[in-house]
Structure formats: C-alpha cells, structure tokens
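Protein chains: 4
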Amino acid sequence: KTSGRKVIITCAVTGSIHTPSMTPYLPITPAEIAEASVGAAEAGAAIIHLHARDPETGRPTPDPKVFMEFLPRIKQACDAVVNITTGGGHGMSLDDRLAAPLMASPEMTSLNMGSMNFGLFPILDKMKDFQHDWEPQYLEASRDFIFRNTFKDIEGILKRLGEDHGTRFEFECYDVGHLYNLAHFLDRGLVKPPLFVQTIFGILGGIGADPENLLHMRRIADKLFGADYQWSILAAGRHQMPFCTMGATMGANVRVGLEDSIYLAKGKLAETNAAQVRKIRTIVEELSLEVATPAEAREMLQLKGGDRVSF
Amino acid sequence: KTSGRKVIITCAVTGSIHTPSMTPYLPITPAEIAEASVGAAEAGAAIIHLHARDPETGRPTPDPKVFMEFLPRIKQACDAVVNITTGGGHGMSLDDRLAAPLMASPEMTSLNMGSMNFGLFPILDKMKDFQHDWEPQYLEASRDFIFRNTFKDIEGILKRLGEDHGTRFEFECYDVGHLYNLAHFLDRGLVKPPLFVQTIFGILGGIGADPENLLHMRRIADKLFGADYQWSILAAGRHQMPFCTMGATMGANVRVGLEDSIYLAKGKLAETNAAQVRKIRTIVEELSLEVATPAEAREMLQLKGGDRVSF
Amino acid sequence: KTSGRKVIITCAVTGSIHTPSMTPYLPITPAEIAEASVGAAEAGAAIIHLHARDPETGRPTPDPKVFMEFLPRIKQACDAVVNITTGGGHGMSLDDRLAAPLMASPEMTSLNMGSMNFGLFPILDKMKDFQHDWEPQYLEASRDFIFRNTFKDIEGILKRLGEDHGTRFEFECYDVGHLYNLAHFLDRGLVKPPLFVQTIFGILGGIGADPENLLHMRRIADKLFGADYQWSILAAGRHQMPFCTMGATMGANVRVGLEDSIYLAKGKLAETNAAQVRKIRTIVEELSLEVATPAEAREMLQLKGGDRVSF
Amino acid sequence: KTSGRKVIITCAVTGSIHTPSMTPYLPITPAEIAEASVGAAEAGAAIIHLHARDPETGRPTPDPKVFMEFLPRIKQACDAVVNITTGGGHGMSLDDRLAAPLMASPEMTSLNMGSMNFGLFPILDKMKDFQHDWEPQYLEASRDFIFRNTFKDIEGILKRLGEDHGTRFEFECYDVGHLYNLAHFLDRGLVKPPLFVQTIFGILGGIGADPENLLHMRRIADKLFGADYQWSILAAGRHQMPFCTMGATMGANVRVGLEDSIYLAKGKLAETNAAQVRKIRTIVEELSLEVATPAEAREMLQLKGGDRVSF
Ligand SMILES: [Zn+2]
Ligand SMILES: [Zn+2]
Ligand SMILES: [Zn+2]
Ligand SMILES: [Zn+2]
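Taken in order, these protein sequences are the chains called A, B, C and D.
Take the first sequence: its position 4, counted from the start at 1, is 4 in my numbering, and no numbers get skipped.
In my numbering, each residue carries its 1-based index in the second sequence increased by 1000.
In my numbering, each residue carries its 1-based index in the third sequence increased by 2000.
In my numbering, each residue carries its 1-based index in the fourth sequence increased by 3000.
Hint data in this document are derived by calculation from the structure and do not stem from the laboratory.
C-beta atoms are modelled at their ideal positions from N, C-alpha and C, and glycine is treated no differently.
There could be a bad hint or two in this list.
Stated by the list, open to error - Examples of chain D residues lying across from chain A (beta carbon under 8 Å, computed): (1) Glu3212; (2) Thr3249; (3) Leu3287.
To be verified - Not close to chain A: a few residues of chain B, all C-beta gaps over 10 Å, as computed: (4) Gly1087; (5) Gly1114; (6) Gly1166; (7) Asn1181; (8) His1184; (9) Gly1205; (10) Asp1210; (11) Ala1227; (12) Ala1236; (13) Gly1267.
Construct the complete structure from the given sequences, taking the supplied hints into account.
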C-alpha cells in the first residue's frame, strides 16, 4: 500500500471552523474561494473540499446561490474534483446543509459518520477581539451544539445524494465509533467500496491528535474495510502537517487547507491554501511517493466525472 | 496496578436498553429492581447502577416517584453504593434525566461524556414479537435519536449534582473522544480525581467490541489521567464477560448486569443479576484478585457515604 | 475466532528453568514426570510439553534414555499429544537438544524461532539456599548464555524432524522478531500452515509481560500469518494465569505448567501441574469457551497421530 | 516532546552490512570514510557513527589502526560527535569489537542490547556478481551467525567503556526484548539517563519495518524509561526515510547513512551520505522542527566533549 501508490491531496479551502478575525487570509467571497481553489489545484490538490461563506460577514452559509457563484468558476479553471460539504456549519439544519449539494450534484460530498459535540469555544479564552459580532457568538454556541448526523440522516443522504445523484463520499470519521457506523452501512449494502475514509484528529468532541490514535484508526479501518478503502488524514491546527506526513508514510492520502489549519509553519500563518498544498507535496515527494492527478483520484475513488455535475 | 488491588464490581440491574419481550428476567417493578439490586450486592457488587421502569409497561421512566419506591429498600437491605443514571432512556429530556438524581442526592451518578448516536434498531431485524407496542417503537426511534450530552449539559450536571450535592460520577466513555472530553473538564478543574472512568464497548454509535479498542482506551486514559483514575469496563451483549475478564487482567474494575447483557453464558439467559456478579467474581478470584467491598469502593472513589443521601 | 472455538490447553510439566530448590513439587524422576503428565491430561490438557531431568540431581538432561523412561508410560496412560522440547536447557549443544526428539519421532516438538539471551541469574538475588551445587551455577551461567537458534539451526530442525519424521512444531516466539523469522520460513515454503505459534512473555532477554505486548504479538502474527495459524500464550511466573486468561478472551490457546510458573495463586505454590490445568480450564469454561480434546487438537494442528511415534 | 525540540541527525557512513559490490558509493578507505563523515556533518548530522573497512577489499575490519587513520581527520575537520561501533561485523569476537573504542575513548559508542540472529543471506537470491570472494561468503555465513551480546558482555562494555572512559552509548534495540534488557541495566543502576535509545527496524532477526512496530517500540520505551530518554529511529533499506520521517513526527531523533540504506530515493542509489542527511533535514525542517547542532546533541545526551577523546 505504501510503495508505487499515488497520494491524493485534498484541499479544504475555507470550511466553517475558522472566523475572519483569526486570519486575514481566509477565503470569504466567491471570488476568493474560487481563486484559492484553483491555486490549490495548480499546486497539486486533486480534490477541493468546499464550504460557502456570506460575502459580507464571512459567516458560514448554506445558501446554494453563494455556492453557485464559485462552483462554475472552479470547474472552468481547473480539473480538480469538487467536493461539497454536507456538514455545513454550526446551527444549520440538515435541510440547509443539503441544499447546495442537491442543487450542484457534485462528484463528491463529505458525509459525517455520527452525531457528536464539536467544541470551538475554548478559542474564546485566547482570543478577545473580533471584527464581527457573530464570531464570538458562533464560537460560544458550540458549547451547547450537537453536530447532528443520526443513522436516519445518513441513510437519507446516501439515498438522496448517493443513489439519486451518483455522488460519492468523503466519509468523515471523527472517532473510532464512526468507523463502526460506516461498517454498519457497508454491511447493509448502503455504501459501496472503494470507501474514501477521512479520519479526523484534534477536534474537541472527537478523537485527539495523538499518533497512537492515528495508528489505531488505521488498525480498525483495516479490520473493518480490508483493502477496499482509501484512507485519508486531516488534523486540526498545528497537527496538520505532522499528521498528514505520518499518514503519508503509512499509506494514507492527505487533506490540508485553511479549513483545518490557518498556519503554514510554527507561528506563521498560511497566506494561501496553495502554500499548504506545496508543503505537503514537497514532503510526499521527498518520500518517493507520487501525488495523484485529478484523473487518478477519480479512478481511485470511482467518481462519476467532472462533466456529470449540475454547475 | 494489577497486583494486590481490589476489583470493584458494579451491577447495572435493568437499564433502558433492553425491553421486557427480550427476557422474562428483566427487573421491572420497584420490588423487582430492589430485589435484583440486593441480590447483586450480596453476590459481591459494590455499586448498583440504577434506572427505573414503568411498573405496568416496563418502559424506562425518569419519574422520581418510581425511583423513590426502590431506592430506600435497597439502602435498607444492603450497603452497596447506589449509583443513579443521568443518561435515562431514549426520548427523555435532560431535565427529565436529572429529576431523580437531584431528588435522591446519591453518592454517585453516571455522567455521559459526549453526544452520540445510540442505535438499538438493528435488533428489529432479529426480533418480531413484542408484548408492548412501545417496544418496537422505542427501538425504531433510535434510528433518529441522539443521546444528548453537550459540553454545556455536562457542565450543568457537574455543577448541579457534583458541586451542589457532593455526588461523584461514573464517567461513561463510549469512544476515545469522550476521554478527551473528560480531560477537557479535568484541565478546567471541573472534575476531581480519582476519576471513575467507565469505558463502554459494543454500542452501535460508539466504539466497537474489539480487544484492540479495549487496550486503546486504556492507553489513552493512561496518557490523559496518569495514575489518577479508576478504570472500569462494560461491554454489550456477548462481549460482557470476555471484556470484563480481559479488563480485570489489565487492572480494570468491571461492570455486569442485565442493562448490559441479558445472557449468562452462550445461549443462556441470565435469570438474575446476581448470577452475572457471581460469574465475574469467580473469574476475578481465580486470577488471585480480590473483590472490593462497598466500603473499599467508597474509599477508592472518595464517595461521600451512604448516609449522606436523600432517600 | 473467539466464539464456537475450542481452546487447546498445553501443559509443560517440568521444563529446564526452575530448579528443585525452588519448589518441592517439580517433577524430577521419570515416574514423577509421567504422573504429572497423565494428571495434566486428565485435568484437560490436550498437549504435554516435555523436558527430562537427571533423576538424581534434577538437572535438565538431554539424555534420550531418560526420555524413553517416561514417554511410553505417558502414551500408555493417556491420549494427550506428546510434545518434546528441542530447546533443551542452558549449556546443551544443538545435537544434544535433538537427540531425544530424533529418537522418539513425536507428533510435535517445540522449535525456538531465534537466538537470544535468556537470563535466569536475577533469581540469585532473591534465593540463597540450594540443595544442589549445579543450581546456582546453572542460574549464574545464564548471564553469559546465548540460547542458540540460528537460521541454519532452524532449517536443520525443519528438515530433520519436520520433513523426515512428519513432526509438527510449537513455534516458540519470545519476541516480535521471532514472528518475522517464522514468516521468513513460511515465505520460503519450509513451514506449513496451520502454524502453532506459541508467544512467550516475561523471560529476561525476550519481550516483557505487558498486555500491550500480548496484543502486539497477536497484531503482528495476524498480519504475517492471516487466519492460518493457531495462537497460543504462555507467560512466566505470576503472569501465567492473567496472560493465559487474556489470551483466551482474544482467541488464543493457552499453556500452563510448572515449566512456566511454579505458582497456583498469589503466594501459593502449585502442588501439581493438574491444578494449574484445572484453574485455567475453569476460567475458560466460565467464558463460554470449550476445551479441546486431544483428538480435536490433533485435527486443529494437523498432527500425524499418536500411533505414529517411536515410543 | 514534538514541539520546540531539536532533532539529532546521526549518520552511519559505512557500517558492516553492505558490501562494495552493492554500490560504488560505499566509503571504504580511511580517506573516503573521513570525507563522507565530514560531508554528512556539514549537511547537518550531529553524530557520525563509524565502522572501519579494509582499504583493499572493503571487508569490515576491527583493526584500531585503520580507525586511527580516519578518526583524527574527522575530528579536525568538523565538530560532530564521533560514535564508534562496538557491534563490529559478522565473525568478529567481542575483544575484536572493543579494540578500537578502547583505544579511541570516544564520546559515544553503539551498544547492542541483546544477542540475536542477523540474516543477510537472503540478498544472495537477488545478487550474483561480486567483486570480492569474501562478499558472498560473508553474506552466506550470516545464516549461522549469532550477533553476540550477552548480559555479561554488556556489563563488560558498560564497565570498560562507560565507567572507565566516560563514554556514553547509542543503545541499539533491534526488538522489544532489547528495551527490557536496557531497563534491566537501568534498574541495576549500570546505565544512566538520559538514555539514547536507537530503535532499529527491518533487520532479519529483529523486529520488522511495520509502522505498528515503530509505535510499539515507543510505547514500551515510554513505559520503561518515562521522559528520561532520547528516542532515535533507523530502518533498513527502503524503509529508511519513511521510518525516520514517521519517527520525527512523533518526537524521535533520526539516523540515516549508507550503513542503513544505500538508496536516496526509490530506485536511486545515494551518491553520498550527505545527500541522505540533506533529504531528512529537508523533511524535518518542513515539519517546523529544528536540527540539533553537535553542541546541542552533546547537551541533550550529556556527552563528555569532543576534546576528551584519545584521537
Ligand atoms: Zn468541511
Ligand atoms: Zn445505565
Ligand atoms: Zn520447554
Ligand atoms: Zn553500526
């Protein structure tokens, strides 16, 4: 698995975790999101994972109209796989979260494999000045927030996006139980290999960023999915590069981007998503591994093709 | 940790997972619950973990009046530590779940360390005949159920029960992230060692029943809590005895009882909670370990004492 | 692997590690060794692992004539599989070690999967009085002793016993590298599944008696041998019962006997090998597992049969 | 442990595993060894691990005179810590192996923590043409070779080099048991923290090159040595860079050099030791870690100083 293989780099360019006051480099407007995506693709990302933000306030938005302002631009300017979030942002209903993907019918969306707490509020102890009122409110609200993904919700997404649109999934697994949930759907025949299993480390509410956890997630995924999956790694904040690197040495694909970390190196903000892509690409190539092209990623993950989307 | 130590046996006599049609031996009425508890205590359980059920239908109920029908009887008849659920049952609100513990002011309650899916519905594929209408509805409803335990909820319980009543906790950890959540509260000084960490295996929605997971939970708990915790094990269904045994060999305390498994041996229903206590006690003693008395458990866990409760 | 399976109990009745002054219950004479073996078999051991000792001094001896004094008696009195050491004792040459197995042509012998230090000398810090001069000398000599099992030695045993006599092996693995050595011979086609992999914990020079090591050995054996092996556990001294128990819960077979531990419980010497067999059998059966008969062990391990030996 | 720390790069420039026919770039003569060492130091290696070879044939030699031809040159041309092997090469006696270190009285030597098989012979299946007769004989002899390091041998080295010369050690651990052996000497007070623990992966006879093993060695080392050790990684052949990288992300120091791998990248021979140092340095620095200078390495490992040696 580790030799002769291609490494898929996903770049999650903006997400819904960070807020504008945390970094001036967060892509906010459709133009910025499109530019960041294309830059990441040119730097070597085969998949672009996308959220939208209100162009005025930078607040995460589920509005399909906003998505439709950047999706076509990205499609036109590069060949990367477009992957739209179904997780959305704190406070959005499931219907909100699905509006854009159902309209866009993308090759891939994220699919979160369980309900969980998702605590952003500890940032408030370190950061006091915000440009927008919604920012501290949004972070504080995470104290009582449940990231909702019931078994029924997941069944619904598998049906409405997977079956009806031929969309395939980045299965986001924030803890060991999420792997078992995915195995449950595999047993029931509701998901089909090759599974793209995104294991996530360092979110408060999910599994922590300890190398023991990284290896354990792989160990259990190997037991549950055998050879029929593509493993990917993302880690929050300062763990981003070390965890992606560790994963790459063990056979994983990697995800970088400002959704996951706003830094490029210790104490240094990333000025672009592309800079993070270039950094992990350098490491991956120093390890005698090759980076997958979008076409190779489409084949590895059996995607329907960039021409079969609705944008 | 494994030699010269005492093993605390907890018995969870009825819970809210199993329904009356699954076994004729499930304690339902206050009299049955009291009798099962006393029997378990006499067999060697130092802690009795308690839920209540509607005496007519067997449905889990949060009604404090029902709790008050068996709590005094148990207290009168044995010295075991009374531990009341704050998890309640599917469909109960947090206020419902807290009503009985707030009235009873027990030495110990459970405290669930995160929100999660909790899937009981797969049983419906194997079981068709039910005595009560609520049973299949209850099981099916788990498909869309979130077991709610936000950071704010947990803070509230720590304040309202821990601080105000001197109640201490069985911290129920269904996955690795729950250990990190507990560490978060430890870092903030909201929980105090020695922590009683109940690690739970085999619930759909949480970590699975694989020995790798058992050891991994210990590994991470060791990293997060050092020597300042008492580890306990419970596993669902047929994994109950093997996992408790495995845990006992590695320094853990154990939890048995019909809440967790309705079986005594392969294919053989447990006719009493006491029978499960006796079985694990036999194994523990064959391993040259001693079973903790209620007094020893109180000291190990620093409980306030059986005379400082409100029942 | 853990349910519906049979557990093979091996009993190693005397070995070459303990010396007569350590316990009055160590079988020494051919009559004692035969009696201990038959007792162990009657208690539930399907395999008897055998060394010989000088009847006068109790010192381990490779002398085939001594073996021939007890082998026929065991064969006559019970149906257990006779398994003869090829490890012998400290200070014996490889030719010495092979003399008895080559003469007896047993169904099974041990086969040690690598060279290693084997330190018995720390006992000398705790024990001062010995009945025989050879005892402290033997223990002290282990400071400079190498337990010799080169790749060439192993090839020779595979040829001379395996190929020429149809003898199969208890592959003794004292560390992770020994599993890789076994995989090396598997790759070369010199050993045939189902492999009987005896993993050994707690010998100074080999892997220690930590549950992490037990699970790690299984993890690597699973990777190297897939489903084509029978796992067995033995642990030195006070770790014997906890490790066998832990292993049993995870799918392993178990080995007990006075070779591995002279104790039955904490602070209590085992008066017979059979007592240790009975204890582990009780635990195994409490876990709803069944103990394998000699016939079942022969089938699981594909042995040539008790009637095709030379004694 | 992983942030703000310095990473010590050791470079093992020639070793005794590879033979001249395997690569034209292996340093053979004292001039070549000196040049390779200085180049590695200039590229960022803080420690140079050294063996000697017969200048005519390239065969590993224990001859102190040969060592003395390159040691002063290295000392004169760079500030790196000089670390001399006590492992020597196949076929050398322990006295042979100690001759050069005892004469040179270096700051550091390797110290192998157990006896083991060390199988180089499988290379003979892939490689047929050799420049020197000794090469295939040397490789074939490894089939029956034991790398001798008894407890008594180790005690002797600790006394003769450690105590008498103030030399400190790169404790070479080829398997889990070697960590326990080291803990044995720590318990007896014969070794002093901070221990420099070199864990070695992928030698036939020792633990294999699986990421599970890398993490397991760390796990056990953490248990045995707590915070009082410096962990280092080396892996054989194509595993060199991935394992060093993985280790670096987990808090380890790294060892590269032609002793461990003759490659720089997949299918590409390393033309110099410095090229391997530069590659791992690039990766380490991309991970926001800093490379330790020789002075920093001396402080981390509490070495006696480059001016207190006999060359
Ligand atoms: Zn996202
Ligand atoms: Zn409960
Ligand atoms: Zn033996
Ligand atoms: Zn060396």
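A quick look at each hint next to the structure:
{"no.": "1", "hint": "Glu3212", "verdict": "holds (7 Å)"}
{"no.": "2", "hint": "Thr3249", "verdict": "holds (4 Å)"}
{"no.": "3", "hint": "Leu3287", "verdict": "holds (6 Å)"}
{"no.": "4", "hint": "Gly1087", "verdict": "holds (15 Å)"}
{"no.": "5", "hint": "Gly1114", "verdict": "violated (5 Å)"}
{"no.": "6", "hint": "Gly1166", "verdict": "holds (25 Å)"}
{"no.": "7", "hint": "Asn1181", "verdict": "violated (7 Å)"}
{"no.": "8", "hint": "His1184", "verdict": "violated (6 Å)"}
{"no.": "9", "hint": "Gly1205", "verdict": "violated (6 Å)"}
{"no.": "10", "hint": "Asp1210", "verdict": "violated (7 Å)"}
{"no.": "11", "hint": "Ala1227", "verdict": "holds (18 Å)"}
{"no.": "12", "hint": "Ala1236", "verdict": "holds (12 Å)"}
{"no.": "13", "hint": "Gly1267", "verdict": "holds (23 Å)"}
When the structure is compared with the earlier hints, violations turn up for hints 5, 7, 8, 9, 10 and for no others.
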